[in-house]
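*Asks:* Chains as they are written, first to last, in UniProt numbering: chain A, 1 to 342; chain B, 1 to 342; chain C, 1 to 342; chain D, 1 to 342.
To be clear, the hints were calculated from the coordinates, so they are not data collected in a lab. Among the hints, a few may not be true.
No copy labels: a pair is met if it fits in one copy or bridges any two.
Stated by the list, open to error - In silico DMTMM-like cross-links for lysine to aspartate or glutamate, where the CA-CA straight-line distance does not exceed 20 Å:
hint, residue 1, residue 2
1, Lys-245, Glu-27
2, Lys-184, Asp-91
3, Lys-247, Glu-266
4, Lys-184, Asp-70
5, Lys-104, Glu-116
6, Lys-104, Asp-70
7, Lys-104, Glu-86
8, Lys-247, Glu-331
9, Lys-104, Glu-80
10, Lys-245, Glu-165
11, Lys-184, Glu-64
12, Lys-181, Glu-80
13, Lys-247, Glu-167
14, Lys-247, Glu-165
15, Lys-104, Glu-221
16, Lys-247, Glu-297
Protein chains: 4
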Amino acid sequence: MTVRAAVAGASGYAGGELLRLLLAHPEVEIGALTGNSNAGRPLGTMQPHLLPLADRVLMPTTAEVLSGHDVVFLALPHGESAAVAEQLGDDVLVIDMGADFRLKDAADWERFYGSEHAGTWPYGLPELPGARAALEGSRRVAVPGCYPTAVSLALFPAYQAGIAEPEAVITAATGTSGAGKALKPHLLGSEVMGSMSPYGVGGGHRHTPEMIQNLSAVAGERVTVSFTPTLAPMARGILATCSVKAKPGTTANDVRAAYEKALADEEFVHLLPEGQWPATASVYGSNAVQIQVAYDENAGRVIAISAIDNLTKGTAGGAVQSMNIALGLPESTGLSTIGVAP
Amino acid sequence: MTVRAAVAGASGYAGGELLRLLLAHPEVEIGALTGNSNAGRPLGTMQPHLLPLADRVLMPTTAEVLSGHDVVFLALPHGESAAVAEQLGDDVLVIDMGADFRLKDAADWERFYGSEHAGTWPYGLPELPGARAALEGSRRVAVPGCYPTAVSLALFPAYQAGIAEPEAVITAATGTSGAGKALKPHLLGSEVMGSMSPYGVGGGHRHTPEMIQNLSAVAGERVTVSFTPTLAPMARGILATCSVKAKPGTTANDVRAAYEKALADEEFVHLLPEGQWPATASVYGSNAVQIQVAYDENAGRVIAISAIDNLTKGTAGGAVQSMNIALGLPESTGLSTIGVAP
Amino acid sequence: MTVRAAVAGASGYAGGELLRLLLAHPEVEIGALTGNSNAGRPLGTMQPHLLPLADRVLMPTTAEVLSGHDVVFLALPHGESAAVAEQLGDDVLVIDMGADFRLKDAADWERFYGSEHAGTWPYGLPELPGARAALEGSRRVAVPGCYPTAVSLALFPAYQAGIAEPEAVITAATGTSGAGKALKPHLLGSEVMGSMSPYGVGGGHRHTPEMIQNLSAVAGERVTVSFTPTLAPMARGILATCSVKAKPGTTANDVRAAYEKALADEEFVHLLPEGQWPATASVYGSNAVQIQVAYDENAGRVIAISAIDNLTKGTAGGAVQSMNIALGLPESTGLSTIGVAP
Amino acid sequence: MTVRAAVAGASGYAGGELLRLLLAHPEVEIGALTGNSNAGRPLGTMQPHLLPLADRVLMPTTAEVLSGHDVVFLALPHGESAAVAEQLGDDVLVIDMGADFRLKDAADWERFYGSEHAGTWPYGLPELPGARAALEGSRRVAVPGCYPTAVSLALFPAYQAGIAEPEAVITAATGTSGAGKALKPHLLGSEVMGSMSPYGVGGGHRHTPEMIQNLSAVAGERVTVSFTPTLAPMARGILATCSVKAKPGTTANDVRAAYEKALADEEFVHLLPEGQWPATASVYGSNAVQIQVAYDENAGRVIAISAIDNLTKGTAGGAVQSMNIALGLPESTGLSTIGVAP
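Construct the entire structure; sequences and hints are all you get.
*Replies:* Structure follows, in structure tokens:
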């Protein structure tokens, strides 16, 4: 099978990571690359690490340019995907790496994004219960947010096993690429290096309703999420520290068993041996998720910690994994569980 | 007043930071410097940033060397301070920058440190209720741990105002200097740069009982603390994200008022204007603490976040501040609230 | 003496560093702070590390605002200082932290900056032969560029001693703050962290003629400079590696003697003991310069390496040092040779 | 073809990188892994990024363990490879990633390494004139040092074209992984982050004679090399800034033409378009070399700058490339020119 893929938004970090993965994908041929404000420029000036594509010239993001492909990846600002997707045929696999089609609840969308809800597509986090089946054969995929990927994978085993109270307290550290290439003062190297800082504290981060949606579905009851993201002095990676109160009677063995059972058959999500903790460096550039869990007896809490690469499993790798499933390819085609370390 | 100060453990990071501050202290004259394994070496080879002391030769850590000073700072491995302190007179101000005399509960000590409890000294976190009075005129001071400094200052206003439930969930990111100069593989630059990783998860970190002690005293009831420390790719700084459930009926205004009231008169602890969040870079090398607090209505939780320099306010600056109080000097003598940024 | 100082360009990195130093200067009272595009904003939102000035509101950069001070520091884009300086009285000490008045040769200026030459002011690098005398009592000072500071101090001893051929080959690594707060893609944290890259290669960097001017004056002959700047993944610091061919007959002893003699009486420039090499971390936030020199016998070359903090000795510290000299204060008033490390 | 490969020294950075590449190599099956001091430990505790090998247990480094493979990679301390290699048959491909067999001149070896010279093997830098032919079919390969790889590739085009004087002045910045996992104080994250520092200045670095050997062979005359390595705050990457005086009559066009001609047919070495400069981030984790060259007319010098990943093209990638050639596989099998960025 040769899959011809177009990428809208090829000049950004998500688009660049996607191209890095597609270049290594044995079944994919890279077609049109677009980027509105950068149309007409060769990719080599913006993505100098993608040597094989250095001379490719970016096109404008139009339906005409994107048509004629088997798969179209959209790495666009939120609110722009629906209009593009509508103009592509129903037989084209459209994979939206933005937020537009992740939420089921229109009111949530409107509250957090301030615009009209575009709809809901099958959710590209195959490891969640039921998600894989919804992706098989689908021609529309909503790629999850990077934080919800890290958090949902860290906590769903506890909710699936019924050992966690429905109030999650989460702190996550992200590398700066999570904020994209936007030219904002707080993202300058001089500001970022040597500094940790929080943002979106108190419930305001747009990824919060997505976490609530995922965890509530698994728990079978409404889960509240108190989420604090922090910006760390590194380019890539998310370390999510997730804390939930254990239901009465839960033991340390119950906790371990819940995670072993939930993650046993997953290729990309690894429960580490006891005593070993995840580090974002270990999953750098890979589609792997490393998870460890502990039971704090004094506090009566379960602490689950996951490490992902926000650009790979958190964005572009997750997108490729979902593409594989949607097209009936082996799920791990073109993807790796091996990090680039140190 | 000229205060003659000796420093035991001058070759480490805590000792080096202390010397940096003492060099700038108008009332202090630096006396003997000791360092057991490095005795005989000039300080310039180990602390090349302390140019005025480059030619000072380290002495062995003995009572004889340390005697004859007004103040003796101990930056020693835990378990070693008591023996040294006993040999110094009761009229000498002894400031222990290690853990030995921080805990009141001998059972806590023994459980977390595995040795006999040496005792309890006045606790050098002057901003906590009652702490300043205990330090005035004292000749023994236990400098708090770096994490308990960041966490206790972030949360005591909520407990003092009675708006927080007694279960605290805390994630903190620290710079690598918090682990000292120990030659361990996970502290190598190659491992640390570009990586976030947790350690001591699930209640095992030795700073946990110290946080419980501080917060319980303010709350007037036993506070449980679930504490997860993480190692961040930076040399200095702690960002502590502290989450507590609000007591029923608490409003966002109550939260803000509690923090404004508790911190209004403090020179070193600053509640930032609403909308501005702390960053560790802003307190780099300074004795300042920057704090912000939010009320997450959906989750019903108070999230208080503090940024400190772990070596300054978290260790050596806190030690100097306590020295000033103990000796009757103005509390901020020789200390700064100005960070070195960017 | 109380010196009232105004700072034009207080929102940038140079202005911020200057304010950090002026806050610690015992003879200075900080007056008006200006910043054109940021006029009306409180300084705390832009320089959160300068807590004592958090509530100061920036004014527009006009002669009216800047008048009535003893000293006016200009941290403005190049080409803008002359117009402001002209409107200030001749009795006001004007210290230009930009490039406008550094070069003596109008043709050099026009070739590298593309505008008309504004003139030449006494050059604020007191350690160069003759420079200190020109600064005493002056009411105009041109602060050197950060690279010329590091390079001129590393190489002038060799030229002063007549042991170096007039062709210097220099590679320097700078922290990102050297590029200022400009919002450019290559300065984003995601791009900078984990990466070294050169720029301005082949003679194009604007600091090159300034180095040639300084070194030629000491050598008594025209020195060519081949200068390659590189951007390093750190916020502050310059490490300048300077290589010159030794004149025939030069010995390793001659080299060492030349540096010892030239630097013996300087407070801020330190020749390290043999075997110890400079590191930028050792001068972080300080006005110190650390220098080491080696003689490579096989290649017949002298390699002199200097480390400075580009914002302190390289910009704002150098400015304060020159202010002290111009006003007749002790040269090191308010300045430190102690770095913030690790 | 299935090639069975053993790796001696699998717990270090070079060994880990090699395993990362071999895992992705379609013709290689990974056999025995050894590591003397770590024998008996599972690889997952030392190389947590190599998930597929996490349960592999390290064996002792003996001829018995290493025998029975088609290829044996040696990532051992210098001086140890000869004894191991002698015990393996002449039909086994032995690839030494250490220094033992790189130098042709026994006196050079003895001067820089202080032990007896073990011999000289075909040199694994295929892009150098004549090197590829010597590797074809060979059963012994000496992998070049990381610095000599970066420097030789940057400068050989100038010497091949006869446009460069035989005196090279080189400054290179390396990531900390170049120093390996040795537990030395100056390699701690606290020391490295935020700091640039030189080492081995003045001709003492062991890679210097290797550079001289390579460049002299191409130039047809003895080239002197003045080499200054510096340690940069990043885990991976080398940026080599190489400066040579141009021979009389050389023009900028000559320089460009020399590099275009020399590098036109190379898969891994890329001369960037004019105006674009290499960055180590662009080659992160890849086997690519990015090169740019400039002619500084005023100084009459050619400045060639190369960026490599020290662990990939600089060590393990170069080893795999040479293995491919020696075994008659396509040279780029299992290797990528795509960096992991940002």
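*Asks:* All hints, please: hold or fail.
*Replies:* Outcome of the hint check:
1. Lys-245 - Glu-27: Neither way: Lys-245 and Glu-27 sit 45 Å apart in one copy and 49 Å across, limit 20 Å.
2. Lys-184 - Asp-91: neither (39 Å within a copy, 41 Å between copies)
3. Lys-247 - Glu-266: So Lys-247 and Glu-266 fail the 20 Å test inside a copy (26 Å) and across (41 Å) alike.
4. Lys-184 - Asp-70: Cα proximity of Lys-184 and Asp-70: none, with 36 Å in one copy and 36 Å across.
5. Lys-104 - Glu-116: within (13 Å within a copy, 58 Å between copies)
6. Lys-104 - Asp-70: Neither. Shortest intra-copy (26 Å) and inter-copy (56 Å) distances fail the 20 Å Cα cut-off.
7. Lys-104 - Glu-86: within (19 Å within a copy, 65 Å between copies)
8. Lys-247 - Glu-331: neither (35 Å within a copy, 47 Å between copies)
9. Lys-104 - Glu-80: within (18 Å within a copy, 55 Å between copies)
10. Lys-245 - Glu-165: both (5 Å within a copy, 14 Å between copies)
11. Lys-184 - Glu-64: Close neither inside one copy (33 Å) nor across copies (32 Å); limit 20 Å.
12. Lys-181 - Glu-80: within (18 Å within a copy, 31 Å between copies)
13. Lys-247 - Glu-167: both (11 Å within a copy, 15 Å between copies)
14. Lys-247 - Glu-165: So Lys-247 and Glu-165 pass the 20 Å test inside a copy (6 Å) and across (18 Å) alike.
15. Lys-104 - Glu-221: Answer is within: at 16 Å inside a copy they meet the 20 Å cutoff, but 43 Å across does not.
16. Lys-247 - Glu-297: Result: close within a single copy only, 12 Å intra versus 23 Å inter.
Violated hints, in rising order: 1, 2, 3, 4, 6, 8, 11; the structure is consistent with all others.
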